[in-house]
Structures are given as C-alpha cells and as structure tokens.
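K.L.:
The residues making up each chain are set out below.
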Amino acid sequence: MKKKSIVTLCFVVALALILNYVAFIGFNIAGYSYDGAFGEKGIKKGIDLAGGSVITFQAATDSPTDDQMQVVESIFQTRMTNAGYTEARISQSEGGKITVEIPSVTNTDEAADLLGNVAKLTFNDADGNVVLDGATDIKDASYQFGQVEQNGPSIPYVKVEFNTEAREKFANATGAAAARTSDGTNYISIEMDGEEISRPSVREEINSESCVISGSFTPETAEMLANQIKSGQLPFDLTVVSKDTVGAELGPEALRSSLLAAAIGILLIMIFMVIMYRIPGLIADISLLIYVGLIGLAMGVFHVNLSLSGIAGIVLSIGMAVDADCIIFERMKEELRLGKTIRASITSGFDKAFSAILDSNITTIITCVVLYISGIGTVTGFATTLGIGVILSMFTAIVITKFLLKQLIGIGIENRSMFYNTKANKGGAEA
Amino acid sequence: MKDLTKNRWKFLIIPALIVLAGVVLYIVHGGFNFDVEFLGGVRMQVNLHTDFDNGEIADLVQQNTKDTVSATVQKGTTNEIAVIKTPPVDDSVKDEIFNALKDKYSLADEDLISVSSASASFGLEVQRKALMYTLLAIICILIYIAIRFEWRSAIMAVFALAINVLVMAAVYAITNIPINTTFIAAMLTVIGYSINNTIVIFDRIRENQKLRKKNETIADMTDRSINETLGRTINSTITTLITIVLIYFLGVSTIKDFALPLIIGIIAGAYTSIFIASTFWAAWRESNMKAKAAAAQERKSNKKNK
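Protein chains in written order, with our numbering: chain D, 9 to 439; chain E, 30 to 335.
The set of hints was computed from the structure by calculation and includes no laboratory data.
Take the hints with a grain of salt, since some may be wrong.
[Unchecked claim] Partial list, computed: chain D residues near chain E (C-beta under 10 Å):
| no. | residue |
| --- | --- |
| 1 | A22 |
| 2 | D56 |
| 3 | G223 |
| 4 | P227 |
| 5 | P243 |
| 6 | T247 |
| 7 | S266 |
| 8 | V282 |
| 9 | I417 |
[Unchecked claim] Once the Cα atoms are required to be at most 30 Å apart in a straight line, the calculated DSS-like pairs of lysine-lysine come out as:
| no. | chain 1 | residue 1 | chain 2 | residue 2 |
| --- | --- | --- | --- | --- |
| 10 | D | K105 | E | K31 |
| 11 | D | K52 | D | K414 |
| 12 | D | K52 | E | K95 |
| 13 | E | K31 | D | K431 |
[Claimed, not checked] If you want the ones that stay clear, here's a sample from chain E, every Cβ over 10 Å from chain D, calculated:
| no. | residue |
| --- | --- |
| 14 | W38 |
| 15 | G84 |
| 16 | N93 |
| 17 | A159 |
| 18 | I184 |
| 19 | D249 |
| 20 | L291 |
| 21 | I296 |
| 22 | A324 |
We treat Cβ as the ideally placed atom computed from N, Cα and C, and that holds for glycine.
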C-alpha cells in the first residue's frame, strides 16, 4: 500500500512535468508534432501582444442582412489575402459591425482604405450610360507595369479582363463611341465609386478580351485598385468607427513582462502554500503545476486569441485556482484540531468544502458567460481565459488534489505536525 | 475577532472615506478620465525621445491642426512618452498631429507607439453595452444566490458588491486612470471575486445554522462562521494578490492601469465579504426573527386573555 502510493505520487509528479513540457515547449514524436502554446500552431496573439491594427467598420445602411454581411466578410478576406495580410482575422458583431485585426501591420489607414472602399467599377459612355459593370462583367483584374502607349514611358496600370459577354458589350460601346469623333465625345469614362479614374479616347471599335486602365497611379494604388476590382464590390458603404494601431515594440514587451509576472507569481504561490499548509501545500503545488500545464495546453490546442486582458484573466485564475485548495485544507485543519485521524480529516474536510467550492466557482462562471456574450473585444478575451481557467481549476482541485491526498493516506504519514501547527491553541481560527 | 455583527456600522467608515475621497477628486479632476473607446476621439502614444512639457505639446497640437484641436497631454510609461488625447475629430487630425511632432522632435515613423480612434457614437454604444452586461451579470448572480441560499443573502451580497463597485469607481476618480474597456473587465473581475468570498462565508453560515444551538444568537453564529473561514479568506486573497501585484510591477502601462484597480478591488472585496455582507445579513435576519417571535408571543397572550 505504502510503496504503491509513493510510486503513484512520483508518477503524477512526472506526468505534471511532462504535461508542462508538452504544453509550453512541445514535442515531435513519430511524425506528430506540436511546438507549444507559443509556437506557430499554438495561441493566436492578439494585436496588443503582436503589434498591428484593429479596424471596426459600420455598415452605412439600416439593416444589413446576414447574407450581405457574409459577402462583406468574404470580400474583406479576399482583399486582405491579395494584399498579403494572410494572418488577418475578421469578426462580425451585431448591428452591421465588422472588425478586422491585422497583426504586424501598422499602416492602419492604408488598410482601412483598401477594405472600406465599395469598389463599384463602371465603364460609362459620354452620356453617362453604364456600358459595363465591374460586378458582373469583369473576369479578372491585375496590376501591371509597362508601356501603355507605343514609345510612351513605363507606368503602373491595371489590366482588366472581360468575360465573353462583356467582350461583346465593350466592342459595341467602343464602336458607338468611335462614331462620335466629330464632337469630341469619343471616350469611355471609367469610374470607381462614382469618381472618374480614367477617360481613354476611342478611335475605333475595340474587340479584345482585356482593356487597360491607366491614370495617375503609383504602383501601390494600382495594385490596390486591381485587388479591389478582383475581390468584387461591397453591397453598401462602410464607415470606419474605430481604429487602433499598436506599435511593433510595445506588443512583445507586454507579452514578455506578463509571462515573467505569471512565472514568478506561480513560484511565490507555491512557496506560500507550502509555508501555510505544509505537506498538503505540496500537494496543492503539484495540482497547480498540472493546472498550469492544462491551461497552456487548452490555450494552444484551441488556438485561443490571447490578448493582454486574456493574460490578466489567466493570471487571476491561477490565483483563484489555489483558492479551492485553501478551502479544503482549512477544513482539514479544523477536522484535525477536533482530534480526528488524518484519514478521516481528509475525507470529511473534502466533503464539507465541496459546496463552497461549487457555489463560488459557479458564480465566477456566470460572470464569464455574461462577459463573453457581451462581445466587447477586450472583455471577451478576458472572459474566455478566466472561464477556461475556473473550469480547469475546479477539475484540478476536486479530482487531482483529492487523488493526491488519498495517496498521502496510503503512504500513512502519522506525524500530524506535517499537516498543521499542532502547537497553536485549539481554537486557532480565533486570530 | 469578536462582535463583528455588533460593530457592523463602524465597518462602513473606511469604504465611506474612500468613496468621499473619490467624490472630492472627481470634482477636482472634472469627472472621470474616459478613454476614446468610451467618448470617441483619438488617442496616440508617441515616443518623443526627450523630456517634454505637457502644455507645450497641447499648444503644438492646437497650432498645427486645421480645426485647432484642443488635446489633453499626459506622460506615458516614461517621461519621454507623450499620451495625446483629443475629442471626436476628423480622421486626418492624427496625421496632422504626428507630422507636427515629427518635424519638431525629428522622429521616425516607429516612434508612433500606438494610435486609437473611435467615433463618438461607437463610444456611446460601448458604454451602454458595458453597463448593460454588468447589470445582467449581477442579476444572474443574484438569482443564483437566492436559489442556493436565501433572498436575504442575495440582497446583502449585492449590497456588499455595491460598496465594492463604489470603492473601485473612487479609485478611478482618485488615480485618474483612464476608463476604457479594461475598466469593465476589472469591475467584473472584482464583482466575481467579491461574490466568491462572500459565498464561502455564506456557505459556512448555511452549515452552522443547521447545527445551531438554542442559546447561540444568529449574530454569534455569524461571527463564528466569519472567524472559521477567515484563514481561507485571507490566504486565498494573498495568493490572488501575489500574481496581480507582480503584474503591476512588471507589466507595461496598459496592464498597470488594469492591475492597480484590481489590487484595490480585491482587497475591498475581501473586506466587504468579511465585515459587511454577513454581518448586515445577521442583523437583518435576527431582527426578523425577533419580530416573528414577538408576533408569536402576542398571539399566545391574546389566546390566553380570551
């Protein structure tokens, strides 16, 4: 019995260490690999930790439908992917709001322009009639650099490819325009969101599957225009309601210092628990170690979006994780002071502590749920990590701590002073 | 600790003093320091690489913006970092401000540490939402306690909570820490934590009440319950404080602004749980029982007289 308990105890400690190693450093065994909570496949770092931009748009229409918002989201996705912002995250919230987080990109204004433009591209004749519509007639658009005219300088331009139908329409329109050479209205006006960007003159019917839009472009603006045309047009105007930029240096510093605080905090709590509760304190430390490993693993595996407030939630949950242990051990001390055996004290201390642990944790979970549904960015991050933390800590306190305490009974420690200060007067709580 | 229930009114003095200090400084500071998320506007953090005078920067902003924007300027984490805040303005203003600073202090683009801007309506919505969800959370907790304990406990828990929230608000008024969305997170953490403490004590009262001897008054039983749980209340407050205090000392400025109110809130939470929630509950419960007993006595004597 005694031997078996000691072996089990050592086994759990080893397991706790392995768990932490896997959670934070990762493993690579037989083709399966995981590079830890802070690795590439682990947690997603929020903008406040990674640096970058957060932009919130508001649909400038009364009641956008879910379908429309979906269209907006997929257009945003395309535009950002094309622009190379592959790690961007998009989230919708009620009332036609859509928030975009772009890590590492600090040129927030440019990103807001790229995303927010409706990109309604039209080809009009001199009378203002729409002859081609970018939403239906364009197959592809690309940024090019080179000569637009013979012997002309090399300039940035956008090449637009038509589909078959559009090719025909364009031929008709250019034919009609060419016929008006006499009064100087032989042009096609190319407009983007109602603003003319180019007005090429037409001398003859053009029957071609592509056309060139040139104007006063820089390579960047030409590329952006091509990207916007290609991704399609937004169903309505979007206005920017909030913008955040976090510099690249602030973020990593925030993460580093918070992690340091967490590490030192855990160490101090461990020391504190051993001083206050002796052998059971050591048990609590093992539970805490398992808890830290579990939370690291949970964050990494579920790719939790970790922001500063999320870290605060974790750190708080670590403090609260040992709370359940405190409740149990205080109860045990009381039972021991009443003269009960160690075995009986552990069992009844546990049973009596249970209702307090349950009720106090459930209220915290209630708060987390309400916070989570609030949808306020920083607050949901906090609620997620605190919520996961509280649930995991209930598990470690109720299951792991209890299991380990049972092993203590098995080892059969008879020395009561390893559990509490036997010299203190019996009514020790009367401080 | 003895006679906690008897002295319950005295325990209100400390929170009252803090709240009073809060009110005074609220007036001195001209209200809370609402951040752009709540009021709309632009907030930018710029590393000027040299010590500066707040008023000078504010003047610079006013002179170099088209609409002569009047900004408030504060020192950031170091004396070389300026935190500039404006009321809701046109988006182009932030470029105007940064360009002016760039020229004067010959800065590089990286010296713009962070920028946030929000429209006034967006700010209002966040404010409204924050308030709504805080109230919702409190109501949910109240219902839960009323089910698991009794309705008087729920009311007293919320009473203690209200004191807690007032103390927290006072801390924000006294320190002039900006109120933004992390304020909500801080408030709700403290609400959750304070309730946590209160419940552990209520749980003990619930248990002791079942085994209460006839000659022990409710007040004595409550005092005993508070003392029995005192070790746990103090120890778990210490473990929670350890991590947050470390975050305060090691963290960056945004997280410092979050940690300080939390530290005070958690201490206040422990205080109100120990000294206010259950003592006022006990007094209420006792006067209620006395009234019942008196009524029963009266009925008895009425019967006799007939």
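K.L.:
Each of the hints needs a verdict: does it hold here or not?
P.N.:
Against the structure, the hints:
1. A22: Hint violated; D:A22 Cβ to chain E Cβ min 25 Å, cut 10 Å.
2. D56: For D:D56, the interface hint holds, since the closest Cβ of chain E sits about 7 Å away, which is under 10 Å.
3. G223: Since the shortest Cβ distance to chain E is 23 Å, the answer is violated.
4. P227: Violated, about 20 Å.
5. P243: Violated. Min distance 21 Å.
6. T247: Constraint on D:T247 satisfied, holds at 8 Å.
7. S266: Holds. Min distance 6 Å.
8. V282: 12 Å, violated
9. I417: 22 Å, violated
10. D:K105 x E:K31: Status violated; Cα separation ~56 Å.
11. D:K52 x D:K414: 39 Å, violated
12. D:K52 x E:K95: 40 Å, violated
13. E:K31 x D:K431: 23 Å, holds
14. W38: 23 Å, holds
15. G84: 25 Å, holds
16. N93: 18 Å, holds
17. A159: Answer for E:A159: violated, closest chain D Cβ roughly 7 Å.
18. I184: Given a closest Cβ separation of 15 Å, the condition holds.
19. D249: 13 Å, holds
20. L291: Violated, because the least Cβ-Cβ distance between E:L291 and chain D comes to about 8 Å, which does not exceed 10 Å.
21. I296: 13 Å, holds
22. A324: 32 Å, holds
In summary, the numbered hints that this structure violates are 1, 3, 4, 5, 8, 9, 10, 11, 12, 17 and 20.
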